Amino acid sequence: MSEGFLGTAAPLAADVVLLLETGMGVTLLAGAWLARTKRFRLHAWCQSAIVFVNLVVIALEMLPSFRVQVLPRIPLKLGKNYVALAAAHATLGGVAEILAVYILLAAGTRLLPEKMRIARYKAWMQCVLALWWLALLLGLATYIRWYVLHSFR
Amino acid sequence: MRRSVSLAVFIAVAILGIGALGAGARNSSVAAQQKAETTEVKIDNFSFGPATLTVSVGTTVTWTNRDDIPHTVVSADDPKIFKSKVLDTDEKFSFTFTRAGTYPYFCSIHPKMTGKVIVQ
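In order, the protein sequence lines correspond to chains A and B. Sequential numbering from 1 applies to the first sequence in our numbering. Sequential numbering from 1001 applies to the second sequence in our numbering.
Incorrect hints may have been included.
As the list claims (entries may be wrong) - With a Cα cut of at most 20 angstroms, we get these calculated SDA-like pairs of lysine to any residue:
hint : chain 1 : residue 1 : chain 2 : residue 2
1    : B       : K1083     : A       : R67
2    : B       : K1112     : A       : K77
3    : A       : K77       : B       : R1066
4    : B       : K1092     : B       : T1064
Derived by calculation from the structure, the hints in this document are not laboratory data. None of the values given here were measured: they were computed from a predicted structure.
With these hints in hand, go ahead and build the complete structure from the sequences.
Following this line, the structure appears as structure tokens:
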């Protein structure tokens, strides 16, 4: 297993995921700005790409490490802050990703039946963006707790 | 007559006393040998302590996680000679080294944490 490059105790994969997720969070904000400036097509491409890349990162990296390192400690060790942080991050992040995929399907395709489509896109998208950033900040806190010496102790 | 009985009693007590001392010494020697066969490595502050441990063949090394974050103990050899589950605070993992050699290991959650067991 390779060592990370951010100077913490984290493995390479965790450092890469941290940078990727931060980059994706910033890109989503840029995508939201594109919508404000009425460049909707570019906005749609930008947000769709991020949601897809995040899905791949979750499937390949975050889910497997969560399954091995955190899931066996739930619910018995939820009182430990390193378990609680990781569980909160996973829950919020999972909900944000599912909602983001739902918005993509509802707004960008005709795959969903009429009654499952949404009318108030803007409110939904703003909510999901806020949720996404909350999950991102929880992810940052989780990283610090797991890999930075003497954090939150 | 009384004098010879007293002498016999004294000799018997002396023999028993020396025997008891000998048995005590043997027991403490056995205890010392048993103690030498189990060695502990403490995991704390994102490090293994001692980082390098020298033991004799047949020794069981026990790693104890004293840190407040999970850690693992994984052999760096390929194929892996030993691999612990994820250890929470105060959980232990033991492995008995039956062959001489150098066994490097690391924590798979924090790969910068490394250690080595030298078996002679």
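Hint check results:
1. B/K1083 <-> A/R67: Roughly 17 angstroms between the alpha carbons, so the hint for B/K1083 and A/R67 holds.
2. B/K1112 <-> A/K77: Violated, at about 26 angstroms.
3. A/K77 <-> B/R1066: Holds, at roughly 16 angstroms.
4. B/K1092 <-> B/T1064: Roughly 4 angstroms separates the two Cα atoms, so the pair holds.
When the structure is compared with the earlier hints, a violation turns up for hint 2 alone.
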